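K.L.:
The lines below spell out each chain.
There are 2 protein chains.
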Amino acid sequence: MLSHLKKYHIILASQSPRRQELLRGLNIPFDVQAIDIEESYPEQLVGVDIPMYLAEKKANAFADKMEKNTLLITADTIVWHAGQVFGKPINKADATRMLKSLSGKTHQVITGVCLSTLNKRKTFHVISEVHFAQLSSEEIEYYLQNYEPYDKAGSYGVQEWIGYVGVEHIEGSYFNVMGLPVQRLYTELKRWKE
Amino acid sequence: MLSHLKKYHIILASQSPRRQELLRGLNIPFDVQAIDIEESYPEQLVGVDIPMYLAEKKANAFADKMEKNTLLITADTIVWHAGQVFGKPINKADATRMLKSLSGKTHQVITGVCLSTLNKRKTFHVISEVHFAQLSSEEIEYYLQNYEPYDKAGSYGVQEWIGYVGVEHIEGSYFNVMGLPVQRLYTELKRWKE
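Quick note, the sequences are listed as chains A and B, same order.
Under the numbering used here, the first residue of the first sequence is numbered 22, with each subsequent residue one higher.
Under the numbering used here, the first residue of the second sequence is numbered 22, with each subsequent residue one higher.
Just chain A, with the same shape it has in the complex (with noise of 0.2 Å):
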């Protein structure tokens, strides 16, 4: 499958190990390189317009190194709720409020990707929602104390203990909670052409 892909070297750009293992999934070749930009943006930026816009900083960080055959993927995860960004909570309590508001309520997962070559540049972000069950305050304080939200975006991570308990209802794609929209991309990648 996507064999006229062939010609090029495919590089995650992104130290996610979940982004890293969901790509590995749609199974083409590539590489994952690191990357390390200031994940700020314009603050007038709102909803899906942040993650496009971090996963095209992510690309133009990378531009230096980018070579005649390479295909670059970078991708940004956000939570919005309530009109706000849930990013990685920067320590406990920060966890525990944002896990508090998300609690009994439905938020939204955004990803955005950008495919990136020499010559072209496509960007496209994928939304799902996620219904949270109500969740006891003892139920955050057992996530927190044997799960590790540091690195997560909204403080959860749906494939640990809190999605299994806490996750009543999704709709859209559940990878994407996860951090790559694999079914959206695969499409993409399958129409690239340049």
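The hints are simulated quantities; they were obtained by calculation from the structure and are not laboratory data.
Treat the hints with care, since some could be wrong.
Identical copies carry no separate label here, and so any pair may be met within one copy or between two of them.
[Stated by the list, open to error] Result set (BS3-like, lysine-lysine): computed pairs, CA atoms no more than 25 Å apart in a straight line:
hint, residue 1, residue 2
1, Lys-126, Lys-89
2, Lys-143, Lys-78
3, Lys-121, Lys-211
4, Lys-126, Lys-211
5, Lys-28, Lys-109
6, Lys-113, Lys-126
7, Lys-113, Lys-141
8, Lys-78, Lys-126
9, Lys-109, Lys-211
10, Lys-143, Lys-113
Being a predicted model, the structure only gives us computed values, none of them experimental.
Put chain B on the given structure of chain A with help from the hints.
P.N.:
Showing chain B alone in chain A's frame:
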């Protein structure tokens, strides 16, 4: 969590490795036991009644082995599409037929779960809607050549390549599509009293 269940010996009677993995995600101690029944059901049953019936049939088959402190979990998952059950495929042609029929359409994945002790039984079901993108003949062939559809209702595993490239959209629980609606199960276990 779920400390009121400590008095029970929880048994999952299921050979499905996916179901075992999903139950492990709830972080409660349990043992697995094999159960072997013929997965037949009265032909007048439709939709949700089928996996509920089969989950209870599995519980009935375990009756002899129930002890005073046993809390038994049995489950059955079906794919329901166009008024028909899509079970485990009997051969490659059957799997091809099912995947062609699911391609570009929305189907339901329904799991029936039965919780039993010697004194009490609770059976429930969870429905997830799964929308498949249009799958090409090459994609179906590639999946059937490289993966194992034969132990899977509807001939596909949502956690495999075909789920990555084919599942555009889910409405409901992703884990239910894998074979066990863990969030609902957790809620039922939390409420369990006898």
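K.L.:
What hint numbers does the structure not satisfy?
P.N.:
Violated: hints 1, 5, 7, 8, 9 and 10.
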